[in-house]
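Enquirer: Assemble chain B onto chain A, guided by the hints.
These are the residues of each chain, in order.
2 protein chains.
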Amino acid sequence: MADKETLTVDMQPVGRRIQIKPGQTILDASRSAGVGVISLCGGEGWCNSCLVRIASGQVNPPTQSEIDSIEEAQIEKGYRLACQTIPLSDVRVDIPPESLSTPQRLQVEGKDFDIAISPAVKPIDLELAPPDLKDLRADADRVIAGLEEVGYPNTHVDLPVLEVLSDLLRKYKWSVRIVLHDDEVIAVLPPGSEIFGISVDIGTTKIAVYLVNLSTGQIVEKAGVMNPQIAYGEDIISRISYTRDTEDGRAKLQEVIVNTLNDKLEELCQLADIQRDQIVDSVIVGNTAMHHLFAGLPVGQLVFAPYVPALNRSIDFRGGELGLNMAPGAYIHMLPNIAGYVGADHAAVILSTELWKTKETVLAIDIGTNTEISLVFQGNISSCSCASGPAFEGAHITHGMRAAPGAIERVQIKDDEIKLFTIDDQPPVGICGSGILDVVAEMKTSDLMDEKGSIKAGSPFTRQNAKGLGELLLVPAKESGNQKDITVSRKDVNEIQLAKAAIRAGLEILLVEAGISAQEVDRVLVAGAFGTYISVPNAIEIGMFPDIPLMRFQQVGNAAGMGAVQALISTKHRHLISEVIKDVDYIELTTYADFQKLYMNAMYLR
Amino acid sequence: MADKETLTVDMQPVGRRIQIKPGQTILDASRSAGVGVISLCGGEGWCNSCLVRIASGQVNPPTQSEIDSIEEAQIEKGYRLACQTIPLSDVRVDIPPESLSTPQRLQVEGKDFDIAISPAVKPIDLELAPPDLKDLRADADRVIAGLEEVGYPNTHVDLPVLEVLSDLLRKYKWSVRIVLHDDEVIAVLPPGSEIFGISVDIGTTKIAVYLVNLSTGQIVEKAGVMNPQIAYGEDIISRISYTRDTEDGRAKLQEVIVNTLNDKLEELCQLADIQRDQIVDSVIVGNTAMHHLFAGLPVGQLVFAPYVPALNRSIDFRGGELGLNMAPGAYIHMLPNIAGYVGADHAAVILSTELWKTKETVLAIDIGTNTEISLVFQGNISSCSCASGPAFEGAHITHGMRAAPGAIERVQIKDDEIKLFTIDDQPPVGICGSGILDVVAEMKTSDLMDEKGSIKAGSPFTRQNAKGLGELLLVPAKESGNQKDITVSRKDVNEIQLAKAAIRAGLEILLVEAGISAQEVDRVLVAGAFGTYISVPNAIEIGMFPDIPLMRFQQVGNAAGMGAVQALISTKHRHLISEVIKDVDYIELTTYADFQKLYMNAMYLR
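Residue numbers (numbering that gives the first Met the number 0), protein chains in the order written: chain A, 0 to 605; chain B, 0 to 605.
If we strip away everything but chain A, and leave its shape as in the complex, we get (with noise of 0.2 Å):
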């Protein structure tokens, strides 16, 4: 196999596959996949930091250096240094969290959760007799004399689903899969059916939906759209003020991300290949005022102190109530707020990173437009909200854009040369949140920026604009095709600082108040989805993260969609986050004593 003229390296769990020419190692191939694997020694085989292991295939065997260095027991395990590690077919390599320099992507997302599949929804296949001169109950009436015959009494039928029983019943000739919500009906299939949930994060930005079997508890189809409210509002308190100036604002932000969801369950639906009926239940999590505008509460109140939510602890209520179509019946199940900006989205991010059971001190951090934190020190969590503003979304940023492709997500400046890594190779159009934040953490080292965020003119990428300001040149008008010049200007560098310094400040704040400094603190997740791209030594670098081990960093992408799922699947884990939450304590930042001076100090680049 060795003659073939490509082989495909797998690796796991990042999910990336790349082709190689023979001869090629494990270390180049991740760097061709744009996979960070640690390799302190730069590949010479002797700094041990690069270890993976190969989980199937055929590759060279263990060089001396390999064998000085791993043990044997890992050896035998298939543990090898990637740098010496050459595979002689296709393989699939593991890669550690350990061995990876930016800490794995999406992990959240990739493992299989650890809990019991017991969702709020129970499927019940009923043969029914069908009525006749001696047998004249009504149709309702009839199911529910049925359910109760296999194990089911009290059970009832409300009204959406009374709308379409009856011609239902006579489709599938009295032989249907019923499914059962508590004591609710609240879907009628054929028998034998399978059904799924959706849980969906609702971000200021995006949106993310995923389609899971609720037998399995697998999530089989995923998607991120952008949140259409974007139109009405760029940020959370521009959708609130259009909601207070606008006849019908809350109604038609409602009703926007209301189709948009459909739109999406639609496609969904296709891809698996699966009816809207089968959809028989769901989880919504967002930031508070994405939950309240969505489930159609009132936000005017979180713009004014105190910030009070309209409503904090969990809700039910049926999707047909907003207009979201799955099964006639089906409910929504939101997840509890914590606070004014500390929705649902992050009561999910605790909830699927364990925050609420571990023994350890954690930090968990979700990156946007709202950044919200929470310490947990002896089992108590604390939480805090930063607003870090929509410049990680590359808005406000001159060459901004969101994470599309063309969009410059990496960068690194070397002594003569600026390397760029664009979204999908495609030819650089813009910058996106992970890219600019790069080129600050670039330019601080390679000294062409002071410590107050100053660029410095005279260098090769550097230069003055028409206000004398310094600016960064990334990509010449003349090389790219572009009808301008790709630029970091210092206003660029002054919103990263600011978005920086916020979530710094609001970190720091949890620590002081838990009376511990950032060494103590054993894990920080990093979550979300312009956290889960980021650098984190880069973060490191321009101050928005302490410099703790790099190691100490997991990037557990989509943590809140995460928890929905978890929420979606088992029952148990509603009940858990609600009761959790209960013990939260929530730090108020725009009130509190130091947040301005520890602010003002974290904007600095030093």
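Hints are computed from structural coordinates only; laboratory data are not their basis. Treat the hints loosely; a few may be bogus.
Just so you know, same-sequence chains aren't split out, so a pair can sit in one copy or run between any two.
To be verified - Result set (DSSO-like, lysine-lysine): computed pairs, CA atoms no more than 27 Å apart in a straight line:
| # | residue 1 | residue 2 |
| --- | --- | --- |
| 1 | 596 | 133 |
| 2 | 251 | 170 |
| 3 | 133 | 581 |
Expert: Just chain B now, with coordinates in the frame of chain A:
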């Protein structure tokens, strides 16, 4: 006071007030008011049949006739003969049922219910602390905690109230009256607000709405309105056809009725000077098709044997689910149906007439386009439905009209005179159900018609029409100023024959099934708008009702509406009727072996 030009006689419990001239008797007054007080001796003062009680006001002293015929103890209590008693001031007169020739109208409506008031809702005043930085509880959580403090644990707030709760708490400065329905917060009112409910009886033709004070149990306003679905089909079958033949037909029929109810609620709120949010509960009844069309349930299966409803058992859902404007979370309770053509309205009749507890043998007949009949014998209730058709509503009658001003509602044929009574004493424009029933009965007793219903020409009032068939000339055009003569044709008589035969056949089958004769029936309760206004003697004369003593008949008005009111003010009565109807023995007439024979036999007028 005797020198007043007119005196007012207030007749109770029939609820008629009339102005009389000094010197006129109570009997004169009753005749002027159309209240049929029995007077066998023609006002001579000896038959003792016009016994009444003077409840207030001054009248002439008892005459010798009265002293001779009324016991002294009764005279002391105010009992007098109507024909001998002359008011000397405004008076209020109680007319006992046994003195009414047309038994008391609206009897059920008139009486105070002797039932304990225990509505499904409960008002609770709360004084809440406003949120501040030390108390950041969400609005709903704050209300729930407040309720717990005053002894209502485990309450919840759902979407419809959450949508308005935050604003109302601030509007009422955190001092509110919360209304609970079970454990759910359904309304937020200013502290101390009175709470109300509505009961609605949706008939195929008419809708009756009652506004009820839920603290006192009193009906504070009532209103009747035509069922707007008439525009889409006059009877049940044509409306069901409409839902089958028209896209969104079912939604349309639901929409028009909800809109009409909303308009009516608006009016009633204005009349009672209350806010819509003070309406916090409702009970709705109707025949099975009206029940289903209101709730949005499928009706297609109701036209095919075996005519099973989508739902029989009672159901609760929020008014908002249908767009009915009450308090945001207010519920609708719909009483159970009994069968495809014996609906929740008849369940309400069984409830309000107390058939469920009587030890007597009682027939309850609710006359309408469909006539439902129940027989209780030895504590067992059996029910059937008769397709009596819309003739009694004035439909399919040549000069028929609904019971509106100018409709001839009473007819007497004397030797040389036809005496007409029209609604509101307006000039005659047509004839309504009770009028045409009288015509048929009077033609029979005047020998103007044979037992098959053929009208004999040759009398002063009868003639041959263009087709050579006999017809009765009721109001010549030259007298009334109408464009045409108002006549009653052979065909009109036949419509009444079909209608009365259907009712009589149903009634006989219930008796046959119970193994008893009509003579064994202790009481016949005649319910419904039409049933309230007909002449019972004439209904017996034409054979619609069996020939049993008149005293056994009681016209009970809108017993269905009253059942709905009872269920509104007493949850015990909701549970009670749900239990009672489980044991009702429904008899399907369309497949009953002897039905056709009995029906044909009942067509005769003999």
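Enquirer: Against each hint, give a clear statement of whether it holds in the structure.
Expert: Evaluation of the provided hints:
no.: 1; hint: 596 with 133; result: between (82 Å within a copy, 22 Å between copies)
no.: 2; hint: 251 with 170; result: between (37 Å within a copy, 24 Å between copies)
no.: 3; hint: 133 with 581; result: between (56 Å within a copy, 15 Å between copies)
This entry satisfies every hint, going by the numbered hints stated previously.
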